[in-house]
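J.: So the chains spell out like this:
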Amino acid sequence: GNSVTQMEGPVTLSEEAFLTINCTYTATGYPSLFWYVQYPGEGLQLLLKATKADDKGSNKGFEATYRKETTSFHLEKGSVQVSDSAVYFCALSGSGGSNYKLTFGKGTLLTVNP
Amino acid sequence: DSGVTQTPKHLITATGQRVTLRCSPRSGDLSVYWYQQSLDQGLQFLIQYYNGEERAKGNILERFSAQQFPDLHSELNLSSLELGDSALYFCASSVGPGTSGYEQYFGPGTRLTVT
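Protein chains in written order, with the numbering used here: chain A, 1 to 114; chain B, 1001 to 1115.
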């Protein structure tokens, strides 16, 4: 079945530091890939997505590139802010049939200090 | 605000009881998904409905059931509750049953505490 592995947290950075959160996946066919963010006490918000190989998703300074050859979708941001502190989830959805459910990684807690 | 609403926000109940969680999808969305978020299991897919019909089932216990009504809102029923059912329950909605790259929008969740 489908699975997502993302780097264990927590990750603690200083403001303006560079962020990378690694995510790799296992799936059959051609999944779509997503990053969701969960702020304290809130639901999940879609941060960015990519639907095919070599696609780059981007939003709010965050980027991730769909790499089929390495089955990866790493999240990056060049300069983090305190307001980026949250839990980040990598997820995939399959293609066709009943595979549209989202399969999530375990989440990575990011804390950004001023 | 995603446009997905869930009620109640918090629910505290005793073991053996039954509760109902309610979800209203975004306007125009026909698919509803339920997920459970717990510390030990992470985010797990439970069940999906599309336009009133069940489309996919995940790790949903037999004590749990769901349905989607003609007005497209959905309810998740949890019965014979156990301590281990304490979790955050999220509802998400999307436009269709699935097209490439479609997005799911999540509600704020219902936090269930079983004592």
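These aren't lab readings, by the way, just hints derived from the structure by calculation.
Here a beta-carbon is modelled for each residue, glycine too, at the ideal position from N, C-alpha and C.
Hints may contain errors.
Said to hold, decoys possible - Ranges between beta-carbon positions, derived for each pair:
1) A:54 <-> B:1095: 24 to 34 Å
2) B:1113 <-> A:54: 43 to 53 Å
3) B:1052 <-> A:30: 22 to 32 Å
4) B:1103 <-> A:81: 20 to 30 Å
5) B:1007 <-> A:106: 21 to 31 Å
To be verified - Chain A regions said to be covered by chain B (calculated; three or more residues, Cβ under 8 Å):
6) 39-46
7) 104-110
To be verified - Computed cross-link-like contacts, DSSO-like style, restricted to lysine-lysine with a CA-CA straight-line distance of at most 30 Å:
8) A:68 <-> A:106
9) B:1009 <-> A:60
10) A:106 <-> A:52
11) A:52 <-> A:68
12) B:1009 <-> B:1057
13) B:1057 <-> A:106
14) A:60 <-> A:106
15) B:1009 <-> A:106
16) A:106 <-> A:56
17) B:1057 <-> A:68
18) A:52 <-> B:1057
19) A:56 <-> A:68
J.: For each hint, tell me whether it holds in the structure or not.
T.: Hints, verified against the model:
1. A:54 <-> B:1095: 24 to 34 Å: Holds, since residue 54 of chain A and residue 1095 of chain B (Cβ atoms, about 25 Å apart) stay within the stated range.
2. B:1113 <-> A:54: 43 to 53 Å: Holds, at about 45 Å.
3. B:1052 <-> A:30: 22 to 32 Å: Roughly 29 Å apart at Cβ, these two residues keep to the hinted range, so it holds.
4. B:1103 <-> A:81: 20 to 30 Å: Holds: the Cβ-Cβ distance is about 24 Å, inside 20 to 30 Å.
5. B:1007 <-> A:106: 21 to 31 Å: holds (28 Å)
6. 39-46: holds (count 5)
7. 104-110: Per the Cβ count (4), the hint holds.
8. A:68 <-> A:106: holds (21 Å)
9. B:1009 <-> A:60: Status holds; Cα separation ~28 Å.
10. A:106 <-> A:52: holds (23 Å)
11. A:52 <-> A:68: holds (8 Å)
12. B:1009 <-> B:1057: Roughly 24 Å between the alpha carbons, so the hint for residue 1009 of chain B and residue 1057 of chain B holds.
13. B:1057 <-> A:106: holds (20 Å)
14. A:60 <-> A:106: holds (23 Å)
15. B:1009 <-> A:106: Judged against 30 Å, a Cα distance of about 23 Å means the pair holds.
16. A:106 <-> A:56: holds (22 Å)
17. B:1057 <-> A:68: The hint holds at about 27 Å.
18. A:52 <-> B:1057: With a Cα-Cα distance of about 26 Å, the restraint between residue 52 of chain A and residue 1057 of chain B holds, given a limit of 30 Å.
19. A:56 <-> A:68: holds (12 Å)
The structure fails none of the hints (numbered hints given earlier).
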